[in-house]
Amino acid sequence: MGANIYKNKKPLWIFLFPAFLFMAVYLYYPFLMNIYNSFQSITGLAHASKGLNSPWYSNYVKLFQDKAMRTAIVNTLIMMVVTIVGQVGVAIILALLVDNIKRGAKFFRTVYFFPIVISATALGLLFNLIFLYNKGMVNQFAELFGATKLIDWKDKSYALFTMMLPVMWQYVGFYFVILITGLNNISEELYEASSIDGASKFQRVRYITLPLLHNVICTCLVLAVTGALKVFDLPWIMFRSGMPNGATWLTGTYMYHQTMITGDIDYASTIAIVIVILGVIVSKIVNTIFKEKDY
Amino acid sequence: MKKKVVSALLSTVMAATMIAGSASAGMGTVEAAGTEEFDTSMLTKAENPVELNVTTTFAGEDGNVKNFQDAVKAYEEATGNTINDMSGTANEAFKARVSADFQTGSESDVLFYFNGVDSNEFVEAGKVMSIDEIREKYPEYASNMDDGRMGASPVDGKNYSVPVNGYWEALFVNTTVLADCGIDVPGPDYTWEQFLADCETIKEKGYSPIAAALGSVPHYWWEYSIFNNDTPETHLNVPETVDDEAGKAWVAGLNDIKDLYDKGYFPENTLSALDEETIQLFMEDKAAFLVDGSWRVNGLATNCQSDPEDPSTLDTERLDKFAVTYFPAKDGRKATDVLGGLSEGYFISRNAWEDEEKQAAVVEFVNYMTSDAMVARFAQHTASALKAAPDVDKSQFNSLQLKSMEMMAGVTSFTAVVQDLVPQDCRTPMFDTGMPAIVSGDVTPEDAVQQSLDLMAEKAAQ
Numbered sequence: 001m002g003a004n005i006y007k008n009k010k011p012l013w014i015f016l017f018p019a020f021l022f023m024a025v026y027l028y029y030p031f032l033m034n035i036y037n038s039f040q041s042i043t044g045l046a047h048a049s050k051g052l053n054s055p056w057y058s059n060y061v062k063l064f065q066d067k068a069m070r071t072a073i074v075n076t077l078i079m080m081v082v083t084i085v086g087q088v089g090v091a092i093i094l095a096l097l098v099d100n101i102k103r104g105a106k107f108f109r110t111v112y113f114f115p116i117v118i119s120a121t122a123l124g125l126l127f128n129l130i131f132l133y134n135k136g137m138v139n140q141f142a143e144l145f146g147a148t149k150l151i152d153w154k155d156k157s158y159a160l161f162t163m164m165l166p167v168m169w170q171y172v173g174f175y176f177v178i179l180i181t182g183l184n185n186i187s188e189e190l191y192e193a194s195s196i197d198g199a200s201k202f203q204r205v206r207y208i209t210l211p212l213l214h215n216v217i218c219t220c221l222v223l224a225v226t227g228a229l230k231v232f233d234l235p236w237i238m239f240r241s242g243m244p245n246g247a248t249w250l251t252g253t254y255m256y257h258q259t260m261i262t263g264d265i266d267y268a269s270t271i272a273i274v275i276v277i278l279g280v281i282v283s284k285i286v287n288t289i290f291k292e293k294d295y
Numbered sequence: 001m002k003k004k005v006v007s008a009l010l011s012t013v014m015a016a017t018m019i020a021g022s023a024s025a026g027m028g029t030v031e032a033a034g035t036e037e038f039d040t041s042m043l044t045k046a047e048n049p050v051e052l053n054v055t056t057t058f059a060g061e062d063g064n065v066k067n068f069q070d071a072v073k074a075y076e077e078a079t080g081n082t083i084n085d086m087s088g089t090a091n092e093a094f095k096a097r098v099s100a101d102f103q104t105g106s107e108s109d110v111l112f113y114f115n116g117v118d119s120n121e122f123v124e125a126g127k128v129m130s131i132d133e134i135r136e137k138y139p140e141y142a143s144n145m146d147d148g149r150m151g152a153s154p155v156d157g158k159n160y161s162v163p164v165n166g167y168w169e170a171l172f173v174n175t176t177v178l179a180d181c182g183i184d185v186p187g188p189d190y191t192w193e194q195f196l197a198d199c200e201t202i203k204e205k206g207y208s209p210i211a212a213a214l215g216s217v218p219h220y221w222w223e224y225s226i227f228n229n230d231t232p233e234t235h236l237n238v239p240e241t242v243d244d245e246a247g248k249a250w251v252a253g254l255n256d257i258k259d260l261y262d263k264g265y266f267p268e269n270t271l272s273a274l275d276e277e278t279i280q281l282f283m284e285d286k287a288a289f290l291v292d293g294s295w296r297v298n299g300l301a302t303n304c305q306s307d308p309e310d311p312s313t314l315d316t317e318r319l320d321k322f323a324v325t326y327f328p329a330k331d332g333r334k335a336t337d338v339l340g341g342l343s344e345g346y347f348i349s350r351n352a353w354e355d356e357e358k359q360a361a362v363v364e365f366v367n368y369m370t371s372d373a374m375v376a377r378f379a380q381h382t383a384s385a386l387k388a389a390p391d392v393d394k395s396q397f398n399s400l401q402l403k404s405m406e407m408m409a410g411v412t413s414f415t416a417v418v419q420d421l422v423p424q425d426c427r428t429p430m431f432d433t434g435m436p437a438i439v440s441g442d443v444t445p446e447d448a449v450q451q452s453l454d455l456m457a458e459k460a461a462q
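Order-wise, the sequence lines are chains A and B.
41 is the number that the UniProt record's numbering gives to position 41 of the first sequence; each next residue is one higher, with no gaps.
278 is the number that the UniProt record's numbering gives to position 278 of the second sequence; each next residue is one higher, with no gaps.
In case anyone wonders, no lab produced these hints; they're calculated from the structure.
Since we're looking at a predicted model, the values are computed, not measured.
Using N, Cα and C, we set each Cβ at its ideal position, and we do this for glycine too.
Misleading hints may appear alongside valid ones.
Unchecked claim - Computed footprint of chain B on chain A; a stretch qualifies when at least three of its residues, placed anywhere within it, have a C-beta under 8 angstroms from a C-beta of chain B:
| id | stretch |
| --- | --- |
| 1 | 10-24 |
| 2 | 130-136 |
| 3 | 187-201 |
| 4 | 255-262 |
If we strip away everything but chain B, and leave its shape as in the complex, we get (with noise of 0.2 angstroms):
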C-alpha cells in the first residue's frame, strides 16, 4: 500500500508539472497536420534492414490508427527496415497479452503503452530502457520532450516511456436533443444540481439523458464522479481504508452514479448494452450527454462521414449538432478541472536495445514518431509534452475539433486519472462485473470498494 501512496504522489507531481506547463505552453496543444507528407528527412537508408516488432493501442476505434499505419509505411519505404504491426486496442486482454508478452520474453521491440501502473511490472524487471539509459548513448534522444511531462513512472520516479498524444475526458452533449427540451449547452459553470434538473427534464421529454453502457465501460462515469467527490489535489490517492477521505470519496462518486441509475437517467439497457450500443443512441438524438475521453472526437467524426476512410466525406451538418464542455462540478470542484493528461508513451525494450542490429533502428523509430511534426499530426486537440508546441493552424478542424479546443483554453486544471493506478485486476469489483451489481443494490458500494482494496493489498503482499 505505501507503493500506492508513492505512486499517487508522482502522479499528482506529474499533474501539477502539466498544469503549469499548459499554463506557458498551452498544454502543448497542436494542430492536425491534414493530409501532407511524413517528414522522413531525419531517417537513413539501413544498410541491413531488421524487422522491428512493434506494439501500441492504435486500433479499433482510436482516432490515430490511420495516422500510425500511414506513419509506419512511410518509414519502412525511408529505411527498408520492416515494421511488424501487432497493436491492438486497450482493452483487459490486450493488457493481459502484453503482460504475458513481457514473462516469457517475447515482448516487443516497441511498445506504446501506458505509463502507470500498468507497466510497473516490466519497469520493475528492467525490462525497458529508461530514457536516461538510452541518452547515455543517443544524447538527442526525445530531446524535443519536457522532461517533466512526459509521464515518469510509478515505480521510480524516471522517464521511460516517450509521449505523443494525451487525453482529456469531457462531457459531449447532442444539442439537437438539448434544444428539444430547451436546455441550453452547459458552460464552465455547470453544477450537478443544474445537471440533474436537466436529466429530469431530458427524461421527461422522452429521452435518455446519459448515453452510458455501465455494464461494459463504465470508467468515465466512475473517475469523474470520484472527482467530483474529492478535489484535485486529493483525487489521486488511492484509499487505504474504505473510511479514509479517499475511501469515502471512492463511495460517494458510486452513489452518485447508483443514484442516476435508479432515477432511470441511464438508458433502460444500459447493464446489457455495449458501449457501441450507447454511442448510437446518442449519434442518433436519442440521448442528450455522453462522458467519454478526446478520443470520441474523432470517433464522432467518422461516424458521420459515408465513408469512414476518408474525412473529405464528413457530413458536416451532422457533426455540428455536437458539442463538448466540462463534467457537472459538485461540492466546491470546479467544472473547469478537467481529468486528462499524458498515460502513453513508446517504450523501448531492453531485449531490443542489447540487440546491436536493432539498436540504432528502434532509437530512429521512436525519435522519428515523435518528432515535432509527428506529435502535431496525433496530439491534436489533445496535450502533448513537446518543450515548443507548434503554432495552431485551425483550418485544418472540423467543428467538433474546434469546440474541443475552445473547451481546452477554458481548462484550470489537469488531474490525472486515479484508476490508472488500481490494477486492472483489483478493478472488477467496481468496474465491469461490478457496476452492476452496485447500481442495481446487489452490492452496497462501500463493499465493492473494500473488495477492490482487499484485492490491491493482496496484490501488494505478493
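Okay, chain A solo, but in the shape it has when bound (with noise of 0.2 angstroms):
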C-alpha cells in the first residue's frame, strides 16, 4: 500500500495543474497577446485595437530605425556587464572575504543584504539626493576637498554611471548571500587536507573554492544577466523618460514610457518582445559559457 502511493504520479497533477493554469492565464496567453499586439494599432493602454498596422510589420521596422531604443539596448548591454563584474563579482569577492572571517560574519550578512530589503523607489530618491546637484552628498564632499565647481552628476558625461551605481549597490547583497549559501556547502575537511598539504589560502580559493562554487555563480550570473533587463524602478526614479536628452534609456524603461507617456501600446508590445527575446539569447549564451559542472 505504501509502495503504491509513490508509484501513483496522478495525484501529482492535481497539485500541479493550478500552477499550470495561473501561469498560462497571467503569463503565456498575456505574451501571445502581447505578440499579437505588436502588430495591431493600439492607441492607449486597454484600449482596442484599431486593426493591422499597415504595413502589419512596421513596429519592426521602426525598431531598426529609432535611435532611442538602440540607445536603450546599448545601454541594457552596458548594465548587464556592470551586474556581471559589480554585482556578482563583488558579492564573490564580499563572500570569500565573510568565509574567512570567524567573528561578525552574521553581522556582514545582515548589512550586506540590507539593500535589497528597501523599495528601489526609496533607493532612487536617496540617491537622488546623494547625487543632487545643488548641495547634493556627493558635492559637498568634492567642495569639502577643494572642488570649486558644482558637478552635475546626471549630466550627460555621468548619467550612465550615476544610474548603475545604485542598481549595482542594491544587489551586490542578494548574490552574497547566495554565494555564502553556496560557501558553506563546501566541506571543511578538504580545507583542512588542503592546509596539512601546504596549500596557501590563495591557492584554497583558487583550487577548492572556485571550482566548488562554479554551479552557484552560474546560477548567479543567469539570475544577474536576465535581472538586467528588467530593471526599471530606481533607473526611472532618477531618471525619468530617458533624461538627459535620451542618454539613459534601458529596455525596460523605454517600454514603460512608450506604454504611459507616449501611449503607444503596439510599439511598446514590440520593445516588450524585443526584451524577452535578448533574455532568451543572453541566458542561453550565458548557460554555454559557464556550463553547469558535475562533481
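Starting from two chains that each stand alone, build the complex the way the hints lay out.
See the structure below:
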C-alpha cells in the first residue's frame, strides 16, 4: 500500500494543474497576446485595437530605425556587464572575505543584504539626494576637498555611471547571500586536507573554493544578466523618460515610456518582445559559456 | 484636424466668456475659508450607505489635498457613505490610468478631471453624464455655477463637469536675488527685452536667472513662449501645418526657449534635473525667476513651513521674499494677458448614474463638493465659475496669496492653454523627451512641431 503511493503519479498532476493554469492565464496568454498586439494599432492602455498596422510589421521596421531604442539596447548591454562585474564579481569577493572571518560573519551578512529589503523607489530618491547638483552629498564632499564648481552627476557625461552605481549596489547583497550559502556547503575537510598539504590561502580559494562554487556562480550570472534586462524602477525614479536628452534609456524604461507617456501600446508590445528575445539569447549564451559542471 | 479647429474655437469662446466674467465678478475670485468647519447641512444620512469610487487630481503637491481629504471625511461622517479615494498626481501616467479605467469599464463613479481634450475619449463614448441630462432629474444640480464658464467639452460644446477651482500661470520672482542684482520686481509693463537684459545681469552676478527643468517640466515655458508669439485671440489655434500662422508661432516660441538655453539663462542641470530640484534653487535664493501655476503659491508656502501639515508654522519672513508677477510680453502682447482658466471639474460616470443605489449619492457628493462654501475654500486666489462669488476676506491670506490677488486684479485677459488641445501622446516631440533635443540642437523647432502635427494627424485619422 505504502509503495503504491509513490508509484501512482496522478495526484501530482492535481497539484501541478493550478500553478500551470495560473501561469497560462497570467503569463503565457498575455505573452501570446503581446505578440499579436505588436502587429496591431493600439493608441492607449486597455484601448481596443484599431486593426492591423500598415504594413503589419511596421513596428519591427521602426525598431531598427529608432535611435532611442538603439540607446536602450546598448545601455542595457552595458548594464549586463555592470551586473556581472559589479554585482556578482563584488559579491564573490565579499563572500570569500566574510567566509574567512570567524567573528562578525552574521553582522556582515545582514549589512550586505540590507539594501535588498529597501524599496527601489526609496533608493532612487535617496540616490537622487546623494547625487543632487545643488549641494547633494557627493558635491558637498567634493567641495570639502577643494572643488570650486558643482558637478552635475546626472549630466550626459556621468549619467550612466550615476544610474548604474545604485542598481549595482542594491543587488550585491542578493548574490552575496546565495554565494555564502554555496560556500557553507563546501566541506571543511577539504580545506583541512589542503592545509596539511601546505596550500596557501590563495591556493585554497583558487583550487577548492572557486571550482566548487562554479555552479552557484553560474546561477548568479544567469540571474544577474536576466535581471539586468528587467531593471526599471530605480532608473525611472532617477532618470525619468531617459533624461538627460535620451542618454539613459534602458529597454525597460523605454517600454514603460512608450506605454504610459506616449500611449503607443503596439510599439511598447514590440519592445517587450525584444526584451524577452534578448533575455532568452543572453541567458543561453551565459549558460553555454559558464556551463554547469557535475562533481 | 477639423475637430481640432472646432475644439480651439470652443475653447476660445470659453476663454472669452471668462474674461467677460472676470469683469463682472472679479473672475469669481474667492477667499480661502481658513480653518472653519465644513458645512454639511445639505447632506442627508443615507438609509443604505454606499461606497463611491472617486478619482481626483487632489494629490501630491496640489495645494488642495488636505482640503479634499477633510471635505471627504466630513461627507463620510454626515452621510455614512464611504469614499474610496483613488486620487493621483495629474501627470501622464495618471491620465493613462484614467483612460484605461474607462476602456475596461472600471471607471470611478465620480471623477475630478480635465475638461479639455483629455476627456474627449470618454465624452465621445458617452461614459459620463452631461449636466443637462442630470438636471432633467435634479434641476438644482450645479445651479450655483455660471453655465457659460463651467468649461464646455471640446467634443460638442456641452457641459459635462462642474469646476471648483481654476488656475493661472505667471512669473514667480525671488526678490532677494533681484535686490542683490539691483533689479526691481517686474510690473505689468514688463517686456521681453527687459527680461533678457535682467537675465544677463542676474547671470553675471552668478545666479541662475530662470529656475526650470526643461527635461521634465517644460510645459509652462512652452505655453508662454508660444503665447508671446501670437495673441490671446489666436493662441488656441492649433496649427494645421508648420507654416501657417499658428505653426509659425509655435516654432518662434520654441526658438525663444532655445535662445534662452543658449544664453545660459536656465540652470546648468536644466536637462537632467527634476522639477523639484530647480524649484529648490529658486527657494534657496539661487535662481531669480520661476514660471509656474497658481498651485505653486501653496507649494512655496508649504516649503516655508516647518511642518508642511500645519500652516501656523509658516516662516512668513521667508515667504515674503517671493512675489508673483506677469510673464514678460513680446511683440505687442500685453504682459497682463494671462494664461489661465477652469481646466478641471467633477464628472459623474454613466455607470454610477445608472446604478439606482448610487445615483442620488453621486449627485449629492458633487453638489456638496461644488457648493459656494466649498468653492470658496478650494479656489482661494484663482478663478471659479460661481454665479455669486463670496466676498473676499483677505485676513486668511498669506503674503504670497495677497500678492497673487494683487496680480490677478490687474489681469486684462485670461486665455486657456493650447497644450490642453494637443493629446498628451502627440506632445512628446516638444515636451519631456523633445524639449532637450530642441534646445541642444539635435532637432530643429520646425521638425519638432512637424512631428507633433504628424502624430495629431495620425490620431485624427484613426
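Each hint tested on the structure:
| no. | hint | in the structure |
| --- | --- | --- |
| 1 | 10-24 | violated (count 0) |
| 2 | 130-136 | holds (count 3) |
| 3 | 187-201 | violated (count 0) |
| 4 | 255-262 | holds (count 5) |
When the structure is compared with the earlier hints, violations turn up for hints 1 and 3 and for no others.
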